Structures are given as C-alpha cells and as structure tokens.
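K.L.:
Let chain A serve as the given structure and place chains B, C and D on it in line with the hints.
Protein chains in written order, with the working numbering: chain A, 1 to 215; chain B, 1 to 215; chain C, 1 to 215; chain D, 1 to 215.
If you're looking for bench data, these hints aren't it; they were derived computationally from the structure. Here the structure is a predicted model, which means the values were calculated and not measured. Any given hint could turn out to be false.
In silico DSSO-like links for lysine-lysine, alpha-carbon gap of 27 Å or less [said to hold, decoys possible]: (1) 15(B) <-> 15(C); (2) 122(B) <-> 47(A); (3) 122(A) <-> 15(A); (4) 39(C) <-> 159(D).
One side of the interface only, derived from the structure: several residues of chain B facing chain A at Cβ under 7 Å [unchecked claim]: (5) 12; (6) 30; (7) 95; (8) 118; (9) 178.
Every residue gets a Cβ at the ideal spot worked out from N, C-alpha and C, and that includes glycine.
Number of protein chains: 4
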Amino acid sequence: MTTTGSTYNQIAGQKVPRLEAISDGVFAIALTLLVLDIKVPMGEAIKTERALFDSLCNLMPKFLSYFLSFMTLGIFWTGHTTQFIYIDKSDRHLNWIVLFFLLFVSLLPFTTAFLSEHIHFKLSVGLYWLNIFLLGLVIYIQWVYAYRHDYISCPEEQKPLINKLIRKRIIIAQTLYALGALLCFINIYLSIIVIILIQLNYALALFSRRRKNSN
Amino acid sequence: MTTTGSTYNQIAGQKVPRLEAISDGVFAIALTLLVLDIKVPMGEAIKTERALFDSLCNLMPKFLSYFLSFMTLGIFWTGHTTQFIYIDKSDRHLNWIVLFFLLFVSLLPFTTAFLSEHIHFKLSVGLYWLNIFLLGLVIYIQWVYAYRHDYISCPEEQKPLINKLIRKRIIIAQTLYALGALLCFINIYLSIIVIILIQLNYALALFSRRRKNSN
Amino acid sequence: MTTTGSTYNQIAGQKVPRLEAISDGVFAIALTLLVLDIKVPMGEAIKTERALFDSLCNLMPKFLSYFLSFMTLGIFWTGHTTQFIYIDKSDRHLNWIVLFFLLFVSLLPFTTAFLSEHIHFKLSVGLYWLNIFLLGLVIYIQWVYAYRHDYISCPEEQKPLINKLIRKRIIIAQTLYALGALLCFINIYLSIIVIILIQLNYALALFSRRRKNSN
Amino acid sequence: MTTTGSTYNQIAGQKVPRLEAISDGVFAIALTLLVLDIKVPMGEAIKTERALFDSLCNLMPKFLSYFLSFMTLGIFWTGHTTQFIYIDKSDRHLNWIVLFFLLFVSLLPFTTAFLSEHIHFKLSVGLYWLNIFLLGLVIYIQWVYAYRHDYISCPEEQKPLINKLIRKRIIIAQTLYALGALLCFINIYLSIIVIILIQLNYALALFSRRRKNSN
Numbered sequence: 001m002t003t004t005g006s007t008y009n010q011i012a013g014q015k016v017p018r019l020e021a022i023s024d025g026v027f028a029i030a031l032t033l034l035v036l037d038i039k040v041p042m043g044e045a046i047k048t049e050r051a052l053f054d055s056l057c058n059l060m061p062k063f064l065s066y067f068l069s070f071m072t073l074g075i076f077w078t079g080h081t082t083q084f085i086y087i088d089k090s091d092r093h094l095n096w097i098v099l100f101f102l103l104f105v106s107l108l109p110f111t112t113a114f115l116s117e118h119i120h121f122k123l124s125v126g127l128y129w130l131n132i133f134l135l136g137l138v139i140y141i142q143w144v145y146a147y148r149h150d151y152i153s154c155p156e157e158q159k160p161l162i163n164k165l166i167r168k169r170i171i172i173a174q175t176l177y178a179l180g181a182l183l184c185f186i187n188i189y190l191s192i193i194v195i196i197l198i199q200l201n202y203a204l205a206l207f208s209r210r211r212k213n214s215n
Numbered sequence: 001m002t003t004t005g006s007t008y009n010q011i012a013g014q015k016v017p018r019l020e021a022i023s024d025g026v027f028a029i030a031l032t033l034l035v036l037d038i039k040v041p042m043g044e045a046i047k048t049e050r051a052l053f054d055s056l057c058n059l060m061p062k063f064l065s066y067f068l069s070f071m072t073l074g075i076f077w078t079g080h081t082t083q084f085i086y087i088d089k090s091d092r093h094l095n096w097i098v099l100f101f102l103l104f105v106s107l108l109p110f111t112t113a114f115l116s117e118h119i120h121f122k123l124s125v126g127l128y129w130l131n132i133f134l135l136g137l138v139i140y141i142q143w144v145y146a147y148r149h150d151y152i153s154c155p156e157e158q159k160p161l162i163n164k165l166i167r168k169r170i171i172i173a174q175t176l177y178a179l180g181a182l183l184c185f186i187n188i189y190l191s192i193i194v195i196i197l198i199q200l201n202y203a204l205a206l207f208s209r210r211r212k213n214s215n
Numbered sequence: 001m002t003t004t005g006s007t008y009n010q011i012a013g014q015k016v017p018r019l020e021a022i023s024d025g026v027f028a029i030a031l032t033l034l035v036l037d038i039k040v041p042m043g044e045a046i047k048t049e050r051a052l053f054d055s056l057c058n059l060m061p062k063f064l065s066y067f068l069s070f071m072t073l074g075i076f077w078t079g080h081t082t083q084f085i086y087i088d089k090s091d092r093h094l095n096w097i098v099l100f101f102l103l104f105v106s107l108l109p110f111t112t113a114f115l116s117e118h119i120h121f122k123l124s125v126g127l128y129w130l131n132i133f134l135l136g137l138v139i140y141i142q143w144v145y146a147y148r149h150d151y152i153s154c155p156e157e158q159k160p161l162i163n164k165l166i167r168k169r170i171i172i173a174q175t176l177y178a179l180g181a182l183l184c185f186i187n188i189y190l191s192i193i194v195i196i197l198i199q200l201n202y203a204l205a206l207f208s209r210r211r212k213n214s215n
Numbered sequence: 001m002t003t004t005g006s007t008y009n010q011i012a013g014q015k016v017p018r019l020e021a022i023s024d025g026v027f028a029i030a031l032t033l034l035v036l037d038i039k040v041p042m043g044e045a046i047k048t049e050r051a052l053f054d055s056l057c058n059l060m061p062k063f064l065s066y067f068l069s070f071m072t073l074g075i076f077w078t079g080h081t082t083q084f085i086y087i088d089k090s091d092r093h094l095n096w097i098v099l100f101f102l103l104f105v106s107l108l109p110f111t112t113a114f115l116s117e118h119i120h121f122k123l124s125v126g127l128y129w130l131n132i133f134l135l136g137l138v139i140y141i142q143w144v145y146a147y148r149h150d151y152i153s154c155p156e157e158q159k160p161l162i163n164k165l166i167r168k169r170i171i172i173a174q175t176l177y178a179l180g181a182l183l184c185f186i187n188i189y190l191s192i193i194v195i196i197l198i199q200l201n202y203a204l205a206l207f208s209r210r211r212k213n214s215n
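Chain A on its own, in the form it takes in the complex (with noise of 0.2 Å):
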C-alpha cells in the first residue's frame, strides 16, 4: 500500500480516501453555511401575511447569491469527483494541492455573503470572480500534477482523451466565467445574470445535450 523513502515528505499524504473524505466534508459545510447568510425577517414589526411576504421578497438577493454559489460548489465538487474516479495515488503535494483547494471552498461563503451585501458594486463581482477563478485555478494543477506523476488509474489508451476532456472542461468553463466578470465594466447585473446562465447551462443544460446524444 505504500512505498517507504528515507524522508517523512515521502511517506506523508498518500491516502486517497481520506483526501475525498475531507473534501466531502469541507463541501458539505460550505454548501451549507450560506444559508447561515440569509437571516429571517424579525417578527415584531410584520403584522400581516402582507408584509411577511414583502419581507419574504426582500431576501430575494439573498437566496440568488445562495442559488449562485450552490452552482458553483456542485460544479466543483462534481469536478473534483469525477477527477478522483481516476486519481488513485496521492503523496504530500498532491495532498497540498487538494488543502489549498478547499481553502477557496471555504472562502466562497465569505466571497458570496460580500456580493449578496454589495452587489452594485464591480469589486464584489470581480471578488467573486477570483474566487472562482483560483478554484478553476487550482482543480486543474491538481489533475496536471495528478496526471504527469500517473497518479491515473485507467486503461492506457483512454488516458489522453481522458486527460484532453477533463482540461478542456476547466479551460472552457474558467474562459466563459472570466467574461461574464469583465461584462461588469458594461453591467453589474447582466454581468451576474450571464455568470448564473453559464452555471445552469454545466448543471441543467446537460439534460438536453444528453437526449441529443442518445438520439
């Protein structure tokens, strides 16, 4: 199960499992500690279903930053397994890799509560952007440095399409979310509006593409 070198760097970080054990767990706060940021309206000043239900839509913000950022976590965390359904061998860097991936997982609900306060504003899109940006960032260092130490378990001639497929996915999708961000110097709002669009399109648009396929 494992190799032992004359250094304690060589013999930390191998174990595969506890690296999706972590990372599942570090999601599953994430996804939902952003709820923790929409607060529910305090009831002494509401004193019909009426203004309960304009309370209710004043959170509206709130629950599309906590729609947005629930995107893009399952976007992530859907990356980061598919990744791991080949990726069989870890040592220590590998292991550095995945901890400072879920350094900016666990930033994303600071980076989401920052917009949903000051969505007007280009320096909250352009936070949230980089947050994005370093977890695209640091997901493919993480199949790259995977893949150039075989770290991939998989049949031999299906590792550079798999390797093809799997960086194309991260370029794409990063090119796509760097644009939406710069429409904000034309506007804030179609520049969520887009980034949203470009999250539903990896998590629904899917469904469509597929019966194509099939067809």
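P.N.:
This is chains B, C and D only, laid out in the frame that chain A set:
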C-alpha cells in the same frame, strides 16, 4: 468501474460513495444547525429558578419546530439511504439531482426558523410545506431517473415491487403533507399539529405496526 | 445484502455504514459547535496584557463547560462506535433509534450553553443531566434492540458476555451521573465537579487501571 | 476483527475507520468555521468602490489569521493521516488520545479569532502557540502509544525508520514553533511572520526540495 465516453459529461459524476458521503455530510450539518435557532435566554434578568423555568418554557415553540424539522430531515435521510441501498450506479444527471435534493435539505434550517419566528402566519406554513414538497419531488425524480436508467441493483424479479413500494411511499406521504398544509386555511396550529403527527407516524408508529406483523 | 419484504418499512434503513457516517457527522459538528459558545472578548476596552489575561480568565466557566461537554460527547461517541463494532445489520427501527440518539447529541450544545450561562441554578444542572440521561437511555435501547433482533456479529459464545459488559457499563455510568446530579440539592458546584470527575474517570482513569491489569 | 476481553474497556474504541471519520469531520468543520470570523463589512456606510476596497483591506489581519490557521490545521491533518497510513489497530486509550487531539483542533478557531482580535498582545501569540504545542504534544503521544503497542502495520524492517521520521518531524516542527513564539518578546509581528514562514515551509517549500531530490 467506469466506462469512458467521448464527452466530459459521460465521465462525470459516477461515484456513488461520494454522493452518499456529501449527502450524509449535508444532512448531519442541517440536523445540527437547526439547534442554533434555539437561543439560550440571557442571564442578567433571570434571578430565580422559577424565572429560568419560565424562560425555558418560552422556548417551547423553538423546541417544537426543532423537533418537527429533525423529524423531516430524518424521514428524508431514511428515504435517501433506502433508495441508495439499491442505486449502485450514477451519472452526471443523477449527480445533479442529488445536489438539488441537498439544496432543499440545506434550506430547511431557514424555513424552520421562518416558521418558528412567524408561526401565526399562513405564509410560514406554506413556505415550510413548499420545502417538504420540493424535497419529496426531487427524491421522487431521483428514484424514477435511477430506475429508468437501470442503475438499480437487486434481483431482477424484485425490481417492480421495490419500484412500486418506493414510489407509493413518497406519493402517499406527500399527499398527507399537502392535506395537512391545506388545513392552515382552517386553523394554523391544527395544520402544524397534523403535520407533526404525520411525521411521528412515519418515525414511530411503525413500532406498533411491526409488533402486529410479527404476531 | 438485503432481503426484500412486502412493505416499504421492511426495506428501509438497512445500511449500517450510512448510520455510522451520519453519526460521525453529527458528533463531529456537535463537538465543534460547542466552541462557538466561547466568544472572544472584544478589543476596544482591553488596553493591557493584564486586562486581556483577566478577560481570558472570565471565560473559564465557558471553557469548563466546553470541556465537560466534549467529554460527554466523547464518551457517548466511544459507546456508539463500540456497539457498532458488533452491530452489523440494521432495519428501519434501529435506523430511527440512532436518529433519536443523534437528536439528543445535537441538543447538547444547547444544554451546555444553558448550563454555562446559568451555572448557579439547579434547573440548568437538571436539564444538562436530563440530556445525558436521554443519551444513555437511547443508546441502551439501541443495544437491546439490536441484540434481541440478533443484528450482532461476533462468535456466538462471546455474545452473552459482550451483552452483559455493554449493558452494565451504561447502567453504572447512568447511576453515577444521576447521583452526581442529585448532589445539586446540596451544592450546585459540588454536583458539577462530581459529574466532571465521573467523565474524567471514563476517559482517563482507565490508563492507570490498564497498567494495573498488565502488571 | 476484535478480540474480546473480560472488561468493557478491552472491547471499546477499536474501530480505526470511525476514528478517521470523526477526525476528518472535526477538521473539515474547523477549517470552514474559521471563515465565520471574517465578517462582511456592512453596506450602508459604503458608497464608492474605493470605500469598499478600503473596507476589504481592513479585513487583511482577519484573512492573514484565517490563512495561518488553515495552514496549521492542514499541517496537523496531514500529520494525522500520515500516522494513520500505518496505524491499523486501536484500543480505548488510542481512541481517547485521538479525541483529545480533536479537542485542541476544535479550539483552534477560538485561539485564531483571539489572535486576530488582539494581535498586538503577547498573550494572544502565547495562547495560539500553546494550542499548536498541545496539538503537537498529543499527536506525538498518539504515535508513541500506537508504536509501543504495535498497532503499526508496515514491513517489519521499515518500522524503526518510519518511527524515527515521524517523531523527528514533530520535534523539529515544535522546536521551530516555540522559537518563533519566543520572538514575540522582541517583536510580536516578527513572531507571527516567522510562524507563518515555518507553516509555509511545511506546506510549500517541499515542492522545491522534491525537485532537488529528483534531479
């Protein structure tokens, strides 16, 4: 373990144990976050055992809605694990169906707090019911999707029976919840009590039914 | 892996690893949420190292109740894992017994905060004890249920011994807790100290006892 | 899988996968709770992009201590997983050693918040160092205990080397942390920067060292 197609979507989201891990994580956090809504009454004003006891009694609605939501999450978690006794394959779409299911799981602490803060409004009951309904809808879609794509692992002759049992269970439960929620047009507290009784039936009454069976 | 009956209840809740996963999740979160009750003293008023040290000392009751509850959760988590060394089958009822156990686990951060906020009241000690008692009661029911339904996996001749050891442990511990809690009618602090000593005995004193055994 | 003794203590705490699961859970939550200390600056007073940028800059100490503690937790998590590559048996005492380790893991969000709130006091640095020291102490005891009781699984001839590597690593790291902490008697910021540099060395500098090795 995996079959490789020619597009990224065909290789993504196939790891069932990860789906189970992220689900258990989100459920565990949602179950525990619920308690954060029960605030400890602060000490300065409370000078006697009697005053402390009264402050504890004032928290009863919070405890009730906590208990209600713990039941709700327990019921859906049990439903989720029951489906995954049989579901042993996955693809990208099932992956996203589970993530949407978790979206509504992680919203439950919010709708619960909303209900306990505004327990005298029909809107709160409606919102809480909507959350339960969406959980039921997505878990139903999850099963139908998995069944249609033959991701189910059990003896071939038992499949139709299991399919029927799981579908019927969700539909009956959801019908009861909807009827319970509709009662709020007569009386809100009646509506909540009926929903709690339905929950308790699914969690507890089975003990007695089982005893009958084994006689 | 599963035997299929004719009702939904006979197919639900049979996955032991999921029961262990959700339990570890809830315990991990409860263990960590406890610390949120220890608030960092705010900086403006604190101008010297001495003042900061005093503000830290003022947190001592919080640290004590944190430690107390960490012990409590540790003891019950150890008890839970010990039972699940042997329990290797489950059904819907055992599933719900575990969920009720987790209900009381997730309430412990509340009763702990309640105790540390109102440490000079008998009611707080009583509530805290009630939480420990209910944890003990449910974990006892869990074992008895699993044993009676023969969900236990170990060499047949060891079963009665293990059954006796696990039952006796819970009953003795609960008797000691109850006696400790009753002391609050004499003196509340005495009561809390005795409960902490019982906890420490279960966590630590064993070291010395073991050393005696191996001599 | 288990050997049954005549006392409860001999049957308790033997499940290594559960120890790993609860550890991953507590680490995942501690890693993510850290971010709750970074509060989003509120919107009313902020009227320009510039003002928003300034409010973000004011959060820099929070981000730094967040990063510092993420590194700390990452280092100890890696250390923990590395030991558990080899530790494949457990008993009640090892079980409690791991729980005490997790006690200090779950305290880190507090000592981190304490440090970032009172960064100009020696006491904060001292408390933070104490937390790191106790983590190091318990993980050292964990290894020594597991090694002495022969709970280690690896080829017999490699055991002394692995034992030496793991021990040496902890002792050197703890010596560096202690020296770094002592620097606070000269200058507090110097002390913090040195501790961060030690952390970064353990997380990152290894990349370069590895490259040297493979040349």
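K.L.:
Would you mind marking each hint as holding or not holding in the structure?
P.N.:
Taking the hints in turn, this is what the structure says about them:
no.: 1; hint: 15(B) <-> 15(C); verdict: 18 Å, holds
no.: 2; hint: 122(B) <-> 47(A); verdict: 12 Å, holds
no.: 3; hint: 122(A) <-> 15(A); verdict: 42 Å, violated
no.: 4; hint: 39(C) <-> 159(D); verdict: 44 Å, violated
no.: 5; hint: 12; verdict: 4 Å, holds
no.: 6; hint: 30; verdict: 6 Å, holds
no.: 7; hint: 95; verdict: 6 Å, holds
no.: 8; hint: 118; verdict: 6 Å, holds
no.: 9; hint: 178; verdict: 20 Å, violated
In summary, the structure is inconsistent with hints 3, 4, 9 from the numbered list given earlier, while agreeing with the others.
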